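**Q** Quick mapping for you: the protein sequence lines, in order, are chains C and F. Sequential numbering of the first sequence, starting at 185, is according to my numbering. Sequential numbering of the second sequence, starting at 185, is according to my numbering.
Derived from the structure by calculation, the hints contain no laboratory data. Just so we're clear, the structure is a prediction, and the values are computed from it rather than from any experiment. Among these hints, one or two may not hold up.
Identical copies go unnamed one by one, so any copy, or any two together, can satisfy a pair.
[What the hints assert, rightly or not] Derived pair list, reagent style DSSO-like, types lysine-lysine, alpha-carbon separation capped at 27 Å:
id	residue 1	residue 2
1	Lys-381	Lys-240
2	Lys-346	Lys-286
3	Lys-271	Lys-375
4	Lys-214	Lys-286
5	Lys-349	Lys-236
6	Lys-276	Lys-349
7	Lys-247	Lys-236
8	Lys-381	Lys-236
9	Lys-236	Lys-286
10	Lys-286	Lys-271
11	Lys-201	Lys-286
12	Lys-236	Lys-201
13	Lys-277	Lys-375
14	Lys-355	Lys-276
15	Lys-339	Lys-247
16	Lys-381	Lys-271
17	Lys-201	Lys-214
18	Lys-240	Lys-281
19	Lys-201	Lys-375
20	Lys-236	Lys-277
21	Lys-281	Lys-381
22	Lys-240	Lys-214
23	Lys-276	Lys-346
Next come the chains, spelled out residue by residue.
There are 2 protein chains.
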Amino acid sequence: MNQELLQTISFVVEIDKLKSILRQNAVIGKERRENDAEHSWHICVMAMVLWKYFDKHNANMLKVIKMLLIHDLVEIYSGDAFCYDDKACEGKKEREKEAAIKIFSFLPPDDREEMMSLWLEFDECVTLEARIAACMDRLQPFILNYHTQGFTWSKPGVTSEKVLKRNEILKELSPELWEYVLHAVNDSISKGYLKEK
Amino acid sequence: MNQELLQTISFVVEIDKLKSILRQNAVIGKERRENDAEHSWHICVMAMVLWKYFDKHNANMLKVIKMLLIHDLVEIYSGDAFCYDDKACEGKKEREKEAAIKIFSFLPPDDREEMMSLWLEFDECVTLEARIAACMDRLQPFILNYHTQGFTWSKPGVTSEKVLKRNEILKELSPELWEYVLHAVNDSISKGYLKEK
């Protein structure tokens, strides 16, 4: 047996754990929270069908999708920190960096490097592809919250200002998607899903 | 508001239902069945890390991943038919074709056509990209079954012959992955996870 292949299969087996990492938001119409594997799939399909709202930037779609597929693997070890909870997010960067080293060490050296480099690029959120990926990663829970009467937004400390701030990256990269966010935020305030301040 | 964008968002909302379509196999180390969204994510990451075992064919990775992301959307309406149950698979092709028309009709016309064409290509399993995608779609539940003491394989009518037959597409496209399948099948028989005949 090819030992490098067995190593890669051990990675395939290890990442199965992503299906048990629960997020803050819920699945639409269900009484249960979404997990990171479901979220990762959803944002990739979103990147495909919403690409036209970013295509003037001439970005590399494959790279965006690769980042989205692996961006949350670190949470297998570091867990999902609630983005509106500053205390839970303390030390997040360091914990996730350690987790990245751990999860990608299941792979043979070449793939380990490629994956780590993709993950770091996503995490730093500077390149065009990383920023488009971040847009999808923000917009998906936004849409789910809007369609679950503000499941996450009802938690303490969440206001429309904070939600807008979190989605602000869309403003620059895609005016149409930003317009949708503004529309949905206003509608959510008027329906009582989201506190204004 | 851009009406075409709202149409695309309605698709993003509708496909959330894929997270509630349960498959025959289980998640590793858990007492629950896997859903189609989790499966779709897993096979895309597998395509990334196992690509080297297909790369002599010079295929288009983005196309393979796009197919994998959307290939199971039809099951939102047609359900998951157990591949080793001939009766459950009767009329599957027609049911899935109708389901494809229904799910992609949520999209604006251009995207609808692109998605339908990708899905048909996957379903026909003739082009190189569709066949590589099929390899991932077969190998992933195989690996999960091997790591859950044959969760699906314990069902009536499943034998090593049928499992090998189902994974045979790997033989031609990737001798290394086929060797892994043979190794795991033999090991599963000896451990009692899979009946030989």
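**Q** With reference to the structure, classify each hint as holding or not holding.
**A** Taking the hints in turn, this is what the structure says about them:
For a Cα distance limit of 27 Å, the shortest separation of Lys-381 from Lys-240 qualifies neither inside one copy, at 35 Å, nor across copies, at 57 Å. Taking the shortest Cα distances, Lys-346 and Lys-286 never come within 27 Å of each other, neither inside one copy (32 Å) nor across copies (37 Å). Taking identical chains as interchangeable, the C-alpha atoms of Lys-271 and Lys-375 are never at most 27 Å apart, the minima being 29 Å within one chain and 48 Å between chains. Taking CA atoms no more than 27 Å apart as the test, Lys-214 paired with Lys-286 passes between copies only; the shortest distance there is 22 Å, against 33 Å inside one copy.
For the homomeric pair Lys-349 and Lys-236, the shortest alpha-carbon distance inside one copy (24 Å) is at most 27 Å, but the shortest distance between copies (41 Å) is not. In this assembly of identical chains, Lys-276 and Lys-349 lie within 27 Å of each other by CA distance solely inside one copy; the values are 19 Å within and 47 Å between copies. In this homomeric assembly, Lys-247 and Lys-236 come within 27 Å of each other (Cα to Cα) both inside a single copy, at 16 Å, and across copies, at 17 Å. With identical chains, the CA atoms of Lys-381 and Lys-236 are never at most 27 Å apart, being 33 Å at best within one copy and 52 Å at best between copies.
When the C-alpha separation of Lys-236 and Lys-286 is checked against a cutoff of 27 Å, the pair qualifies only between copies, where the shortest distance is 22 Å, while the shortest distance within a copy is 36 Å. Taking the closest pair of Cα atoms, Lys-286 and Lys-271 come within 27 Å of each other only inside a single copy of the chain (24 Å); across copies the shortest separation is 45 Å, beyond that limit. Only within a single protomer do Lys-201 and Lys-286 lie at most 27 Å apart by alpha-carbon distance; the minimum there is 14 Å, versus 33 Å between protomers. In the homo-oligomer, the alpha carbons of Lys-236 and Lys-201 lie at most 27 Å apart only across protomers (24 Å), although the nearest pairing inside one protomer, at 33 Å, exceeds that limit.
Within a single copy, Lys-277 and Lys-375 get their C-alpha atoms no closer than 36 Å, and across copies no closer than 43 Å, so neither meets the 27 Å cut-off. For the identical chains of this complex, Lys-355 and Lys-276 are intra-copy neighbours only, at 25 Å inside a copy versus 44 Å across copies, given an alpha-carbon limit of 27 Å. With identical chains, the CA atoms of Lys-339 and Lys-247 are never at most 27 Å apart, being 34 Å at best within one copy and 40 Å at best between copies. In this assembly of identical chains, the alpha carbons of Lys-381 and Lys-271 lie at most 27 Å apart only when taken from the same copy (20 Å versus 57 Å across copies).
For a Cα distance limit of 27 Å, the shortest separation of Lys-201 from Lys-214 qualifies both inside one copy, at 22 Å, and across copies, at 10 Å. For the identical chains of this complex, Lys-240 and Lys-281 are neighbours neither inside a copy (32 Å) nor across copies (34 Å), given an alpha-carbon limit of 27 Å. For the identical chains of this complex, Lys-201 and Lys-375 are inter-copy neighbours only, at 24 Å across copies versus 37 Å inside a copy, given an alpha-carbon limit of 27 Å. In this assembly of identical chains, the alpha carbons of Lys-236 and Lys-277 never lie at most 27 Å apart, being 32 Å within a copy and 31 Å across copies at closest.
Within a single copy, Lys-281 and Lys-381 get their C-alpha atoms no closer than 34 Å, and across copies no closer than 48 Å, so neither meets the 27 Å cut-off. With identical chains, the CA atoms of Lys-240 and Lys-214 are never at most 27 Å apart, being 37 Å at best within one copy and 44 Å at best between copies. In this homomeric assembly, Lys-276 and Lys-346 come within 27 Å of each other (Cα to Cα) only inside a single copy, at 19 Å, whereas the closest approach across copies is 47 Å.
Taken one by one, the earlier hints fail for this structure at numbers 1, 2, 3, 8, 13, 15, 18, 20, 21, 22, listed in ascending order.
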